[in-house]
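Chemist: Here is how the chains run, residue by residue.
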Amino acid sequence: AQKVTQAQTEISVVEKEDVTLDCVYETRDTTYYLFWYKQPPSGELVFLIRRNSFDEQNEISGRYSWNFQKSTSSFNFTITASQVVDSAVYFCALSDILQTGFQKLVFGTGTRLLVSP
Amino acid sequence: NAGVTQTPKFRVLKTGQSMTLLCAQDMNHEYMYWYRQDPGMGLRLIHYSVGEGTTAKGEVPDGYNVSRLKKQNFLLGLESAAPSQTSVYFCASSMTSGGRDIQYFGAGTRLSVL
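So the protein sequences, as listed, match chains A and B.
Numbered per the numbering used here, the first sequence spans residues 1 to 117.
Numbered per the numbering used here, the second sequence spans residues 1 to 114.
Derived from the structure by calculation, the hints contain no laboratory data.
This one's a predicted model, so the numbers in the text were calculated from it and none came from an experiment.
Cβ-Cβ distance ranges computed for the label pairs, FRET-style:
#1 Leu-22(B) <-> Val-46(A): 18 to 26 angstroms
#2 Asp-26(B) <-> Gly-62(A): 23 to 31 angstroms
#3 Pro-8(B) <-> Pro-40(A): 15 to 23 angstroms
#4 Ala-56(B) <-> Lys-16(A): 44 to 52 angstroms
#5 Met-95(B) <-> Lys-16(A): 34 to 42 angstroms
#6 Arg-28(A) <-> Ala-56(B): 18 to 26 angstroms
#7 Asn-58(A) <-> Thr-20(B): 41 to 49 angstroms
#8 Ser-74(A) <-> Asn-28(B): 30 to 38 angstroms
#9 Ala-2(B) <-> Pro-40(A): 14 to 22 angstroms
#10 Gln-57(A) <-> Thr-96(B): 18 to 26 angstroms
#11 Pro-41(A) <-> Ser-18(B): 26 to 34 angstroms
Here a beta-carbon is modelled for each residue, glycine too, at the ideal position from N, C-alpha and C.
Isolated chain B (complex conformation):
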């Protein structure tokens, strides 16, 4: 009954360091998403994927890269972390397009960049 699992749950980085956030879903969903949540701004879409091997940019893609080598996994990378990337990151998945289908969210990753 896992659903969408994100690792790690918390991370502190120094400016310039790199890291990868992992998202795994066990619902055989085609679509996966990465969002960031900042105070007073709701959730904003960073990148998304409509299937294995595909990725596309969302609203705020700068500074992030993603990969979807396996259908169940969606990785979010920060190559050179900046303080502006301090945020809570959520992964989500859906069977069909996320604008009309229910999205299932992970528990989030709280990232601080010092």
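Bound conformation, chain A alone:
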């Protein structure tokens, strides 16, 4: 079965530190999608990135970067020079194809990041 493991329950850093959030997944599929979502204190989930299994290029967006490694089934997320506004819960998610053919998401349990000034 599809599974996403975010082993880090909570991480605390001081502003300007770099921080990496780990995501390890298990899948039976050869084609799949991985996502990261951010849940700030206000509560809504905000999309950050989507990666399909054929695209192993790392991606950088401002202070955010993602490292996708199929060999280790990991899709890690790094925030460079963290800021207080980065404080949130971050979820990694993996696509899962049901018997009906519908694709849903399987979410990890989330990592709470606390950035102190």
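Starting from the known structure of chain A, arrange chain B on it as the hints suggest.
Modeler: Below, chain B without anything else, positioned relative to chain A:
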């Protein structure tokens, strides 16, 4: 610029009471979803819809019913609330299948069942 709107934002129920959570999206999305978020468990899919007039069960459908009479609205009903249904409920929508497409989430409804 509304996106996905959920009402109400907070609700307290007594065991056995019923209620309906409303989700509305203005992005003309085909797919809509209801999730529940519980501490330490991430988000779990309750029900989903692949288009107007269709609904299907997700991972944890027991105790909930849904309806999608209009494309833009997806309603989640609790017929007889139980304390185990205390949770934060999220609605989401996507243009195509949610496993490969970006899902857009509402702000959530915090429900307490006493």
